[in-house]
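Colleague: Can you join these two chains into the complex? Each is in its own frame, and there are hints to help.
Each protein sequence line maps, in turn, to chains A and B.
Residue numbers are given in numbering that gives the first Met the number 0: position 197 of the first sequence equals residue 196, and the series is strictly consecutive.
Residue numbers are given in numbering that gives the first Met the number 0: position 161 of the second sequence equals residue 160, and the series is strictly consecutive.
Fair warning: there could be bad hints in the mix.
Computed list of lysine-lysine pairs in DSS-like fashion (alpha-carbon distance at most 30 Å, straight line) [stated by the list, open to error]:
1) B:Lys-18 - A:Lys-2
2) B:Lys-119 - A:Lys-444
3) A:Lys-141 - A:Lys-2
4) A:Lys-217 - B:Lys-25
5) A:Lys-18 - B:Lys-83
6) B:Lys-84 - B:Lys-124
7) A:Lys-141 - A:Lys-86
8) A:Lys-86 - A:Lys-132
9) B:Lys-213 - A:Lys-217
10) B:Lys-125 - B:Lys-83
11) B:Lys-18 - B:Lys-83
12) A:Lys-430 - A:Lys-217
13) A:Lys-2 - B:Lys-119
14) A:Lys-431 - B:Lys-131
15) A:Lys-430 - A:Lys-419
16) B:Lys-119 - A:Lys-430
17) A:Lys-444 - A:Lys-217
18) A:Lys-217 - B:Lys-124
19) A:Lys-419 - B:Lys-18
20) B:Lys-84 - A:Lys-2
In case anyone wonders, no lab produced these hints; they're calculated from the structure.
Below are the chains, spelled out letter by letter.
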Amino acid sequence: MNKIRLIFLREYFTRVRKKSFLVMTFLGPVLFAGLALAPGLVMMMTEDDRKAEILVIDQYPEIFTTLLPSGSDITFVNTTAKLDSAKRNFDEEKYFGILYIPADIVKNPGGATLFSDEKSTLAVSSKIESLLKNQIENDKLKAEGIDPATITNAETEVSLRTLSLKGEENPVELATAVGFIGGILIYLFILMYGVQVMRGVIEEKTNRIVEVIISSVKPFELMMGKILGVAMVGLTQFLLWVMLTAAIASIAAPMLEAQVLHPEMPNEKLLTDRIGIEKNTLNELGAVPATETNGIGRIFNQVNQINFTLILSCFLIYFLGGYLLYSALFAAIGAAVDNETETQQFMLPVTIPLIISFIAAQSIVQQPDSSLGFWLSIIPFTSPVVMMVRIAFGVPAWELALSISLLIGGFLGVTWLAAKIYRTGILMYGKKATYRELFHWLFYKP
Amino acid sequence: MLEIKQVTKQYGNHVALNKVSFVIPKGSVFGLLGPNGAGKTSLLRIINQITGPDSGEVLLNGEHLNPAHTRRIGYLPEERGLYKKMEVGEQALYLAQLKGLSRSEAISRLKSWFERLEMKSWWNKKIDELSKGMQQKVQFIVTVVHEPDLLVLDEPFTGFDPVNAELIKDELLRLRNQGTTILLSTHRMESVEELCSHIVMINRAHKILEGPVKEIRSAFRKNLYRIDYRGSGIVIPESQSDRFLITEDRFESDHRMALVKLDNGADANSLIQCLIPQVELLAFHEVLPGINEIFIQSVTGKPTDHE
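Chain B with its partners taken away, still in its complex shape (with noise of 0.2 Å):
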């Protein structure tokens, strides 16, 4: 769907980007994950054409990209907003026309929209009338309307309560299922989870790490699991410990919950057969690290200890 290839781009002295390649397969939800300052913008501007790279290419559908891909792409950037003094219905049409859909055809379907998100009566108020979620709102809707093929997302659940988020989030995977692929961007791990389905990561202009979520979280697997079990605690005998570590062991309600560490070439059926002479197990599976760790250690670079 889309392809970045050597993208680099540099202000004065500041390298935004430092020869950034990655694909976007097609229909996926695909997470643009970065540290501030890590040249996520620069790369999203340069997507939507509004910069373009000093060296390196970026393709939409095998397509080097042209001022006809605008109204293919549909962009809600970090900072937005829309005239305070212009009505809302009336804005929405202009910035529909804007990216190229006839008069008719953006009245019918933003009627659909506003009817659908039940904001019918909101047509002729002013957009300063509306509260903030309300205006995020009408900006989801126009960043949507023109049914863009690659639909690209800066932050987009700022400024929405859990509830209004959570409809946009649905209106997303809705828009997804009809094949849209989408690009977002965010410092909410727990949306990345929900959502993508591939990850890239970038920092200081470079990027770090790329590929399914599925992939990337068990490439970062601690070798961690988890037992829920009844009991009064596990013991490791002595001449598992430098095989099996607990990291922790503790009262979760009704039962006991330990996490332990598999080292040196033990595999999960080894602890299974030296815990069932001492507990009656409950469950047992594998913790694979969050996003956000995964964030975190590779920001860092340094390894975090707790889940």
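Chain A with its partners taken away, still in its complex shape (with noise of 0.2 Å):
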């Protein structure tokens, strides 16, 4: 034991002092709080754009001349020129374009152009399409005299509630959130770390350490000492990005948010159910107006029906249990293999049960307790991704009892295999396995 502590260490250690692990540990947050962030951003620079004024020239007299609204940021100043001679005396300081309006826009919708030598004339463009839009549209309206106050009147937006039959709230945005961020987080961190095991194993074998350490320490002892060592950078890693991301979130957050998103909200709430927010601005970017404070709001309440002690604690756990349980087989990979070119086609059928249940999740998020769901969560080599996109919708206790020991089980009995395979793949120099040898050496005896 005091030889895989003293190895656990080491690769602890090496891999926690390297620069590319604190480059990762400082962006990761950077990254993450940018995402959460990016719709706040995003309406804050918008804001900031320069005013565009624009001179229009309207041959539909009636009513675009005095009613064309000027937007936040596009002013129109209309001009009674001739196209020709606005176009020639065109000031290009002060005017970002001409806008030309034909006769018969209300029938020929089309007819309408923006002339201009700016670069970026998509965002004006598209404004000038909707101001157009709803102008023609009241137009229309009132030709056939309905007053567009009564359609604006009319307009209904509906959020349906989904509670339990015991009168609680159903969190379902919220769990399709959390869980699926959970499954690819998973899924990240065990490829993440798995392939850093692979390539410690593919050092030590290149360097030839690896059989001045095994006269010291039995094979499955550095196996084991760098599979948990990996682990526990992992883990570091992963606390590390989230203290850091909840403070960076915490200092920008509140002012983003309060200001922007709904200056409504008072900013303690916003502290306590910040990570909620975030989940959810993340998933829903652009499919919910942010604005829309009934469903924000319906979060929050969401967020106290989930419970979050049991999912961290089932990420732990799946964490953990996944990434051993694939680590061991990248270990034997690692073993099998020279350099890393060669860890092509063992990788493959290795990767493929976490692409499926990768894939499969987003099915499951939306039928949590469909078959497919059950049966992937159960088997250990899908259940790490699957049943954390499970988890949040609850998930009853006698399937997460089967699935973790299930898996537990998975990683002791691969990691059994898997050992046989390294300790014989660690002292093969310069031959190219097949998986007809890897079988073979399945049977040596040590």
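Modeller: Below, the structure written as structure tokens:
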């Protein structure tokens, strides 16, 4: 045990002291925070946009001249000049461009033209489009004798609350977000750190230090020390990310969100429910308008309904269990090859269950209790990702217990097999291993 | 010290060792010889408990090999290396601790080794900043730092220039004088003749030869004598020609040298009697075959003609 500890410590400290670890640790939260705050930032940026002044030549005299409203960042200036002379006398410094509205605009809505030499006309032209659309629609309504206000009043936002039979808030949106993010994180962590284990094994093999080491320790001890050391690196990185992300977000988020997203929300509430908001905005970015306070407010109610302690402990269990299962396989791959380019043929079958669970997660998140969801969350190779997706929706205790015990059993069995390949593979130099050989290695006497 | 008893090891259908037995006496420098693929590495790995024998046993000081023995054995494998990105001192400490030394003990022993081999300034350097020869020196130190009773060295001199090879040779002799038993596997026969008191030879998984170097060399004697003399050449009388056969007779700087093979029960004294009337004798001694010759002869089964 003492030797595993020594190996564990070496693996841990050499990795944690690497520059790439530090860079990832500090860049990660910045990226996360950036993602979480992106909607707010985007809104702030758009507001900062300079105002565009546009000359309007209106051939449709009745309404546009007077009624085309100026948008927040677009000002319209009417001119009676002809298009040709307006073009000739165009003042590039002052105006963004010339908007030409033909006389038959109502019949021919494609007839309006924006003349401009500016590079970025997309935002402006789409705004003009929507303004014209509203204007023409209103004109048409008025022509039919309908007051546009009637239409506006008839528009209704519907949002359906889902309650359990006991009357508790059913946290569907938040559960979807939490489950999905948890699943993705587990998927990423298993791949990232599993590959690190594999690289470590290959490094020891190509450095030829492995035979020196296993004259002092058993191959199994070396493998386990490495796997556990890298796991600890993963946990450290995860913890640092959580802490740093929280720190960055807690400084930046209230300011941004209070100003931009929903000024009526008190800051304290934002702070306590910050994680929920981040995940919500991340997931539903674009789908739900951020200013829709009705939806956001409901998310806050949902936060209280989700058992975060359970989710966090399950995250740790499934991260560790899934990682241990896969990293033992990755260690065996590393032992079977001489360099990283040879890993391809063995990597694919190992990563396929991970990829399947990742793809299945997207439909399971819609139907967490489907039989696909059930089976994939029980099978050890897919359960870490899939169970994480399901857990926020509530999973019966027996399923959780079965899944976890199968995962533990799975990783013990896989580690036992992988260790056999590992201890033979690390001493094979310059020989390309085939599946047949790997199979034979399983039966070699130590 | 170390007793190998009927050790057999098989990989799939390939037999690496077939009932190999020998005994390494305490305090000896023991040479393990054999062509490539003979099973030497398999045997060394069994001694280091990296693999186990399929049958047979290995006894260290009369005890069956067990994990506690790893700290009494030092192993320098043929395929060896160190972590390239790790600092020399930290790495040496790590490996010494894996052998069971406490951290403080490892530090003090390493410091004294680094001092003796004039490597103190390397402590904080990374391995890949060192030359190949320097890396080999570090590797040697981590092999011996835990003061093993048995030192197992596989081609220890590769990667060293002659000066450093000599230095390592001296260190090995010093360790032997302190009572360390050394098992040396190498293809460099001159180091075998220089260092080894005993050898064992294996070929195609079988032991083919074992014993003290001196005895083996005399067992392979060919009754060949070297004569250094002044004169114009040796003539063997017709009557003696079936007993003395001149294989070589030529100038050697300021005198002449001849090689004579004795046959049909002739002894050295009668050859001398035959020579004395003809030439002025400067030196007369028996030529024993070198280990290299014995090696080739044993492995190929054919005697070699030249020394």
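Colleague: Take the hints in turn and mark each one as holding or not.
Modeller: Here's how the hints hold up against the structure:
1. B:Lys-18 - A:Lys-2: 33 Å, violated
2. B:Lys-119 - A:Lys-444: Outside the cut-off at roughly 43 Å; violated.
3. A:Lys-141 - A:Lys-2: 86 Å, violated
4. A:Lys-217 - B:Lys-25: 27 Å, holds
5. A:Lys-18 - B:Lys-83: Roughly 16 Å separates the two Cα atoms, so the pair holds.
6. B:Lys-84 - B:Lys-124: 9 Å, holds
7. A:Lys-141 - A:Lys-86: Violated, at roughly 34 Å.
8. A:Lys-86 - A:Lys-132: Roughly 25 Å separates the two Cα atoms, so the pair holds.
9. B:Lys-213 - A:Lys-217: Violated, at about 39 Å.
10. B:Lys-125 - B:Lys-83: Roughly 7 Å between the alpha carbons, so the hint for B:Lys-125 and B:Lys-83 holds.
11. B:Lys-18 - B:Lys-83: 39 Å, violated
12. A:Lys-430 - A:Lys-217: 23 Å, holds
13. A:Lys-2 - B:Lys-119: Status holds; Cα separation ~27 Å.
14. A:Lys-431 - B:Lys-131: 27 Å, holds
15. A:Lys-430 - A:Lys-419: With Cα atoms ~17 Å apart, A:Lys-430 and A:Lys-419 stay inside 30 Å; holds.
16. B:Lys-119 - A:Lys-430: 39 Å, violated
17. A:Lys-444 - A:Lys-217: 14 Å, holds
18. A:Lys-217 - B:Lys-124: 29 Å, holds
19. A:Lys-419 - B:Lys-18: 25 Å, holds
20. B:Lys-84 - A:Lys-2: This hinted pair holds, its Cα atoms lying about 21 Å apart.
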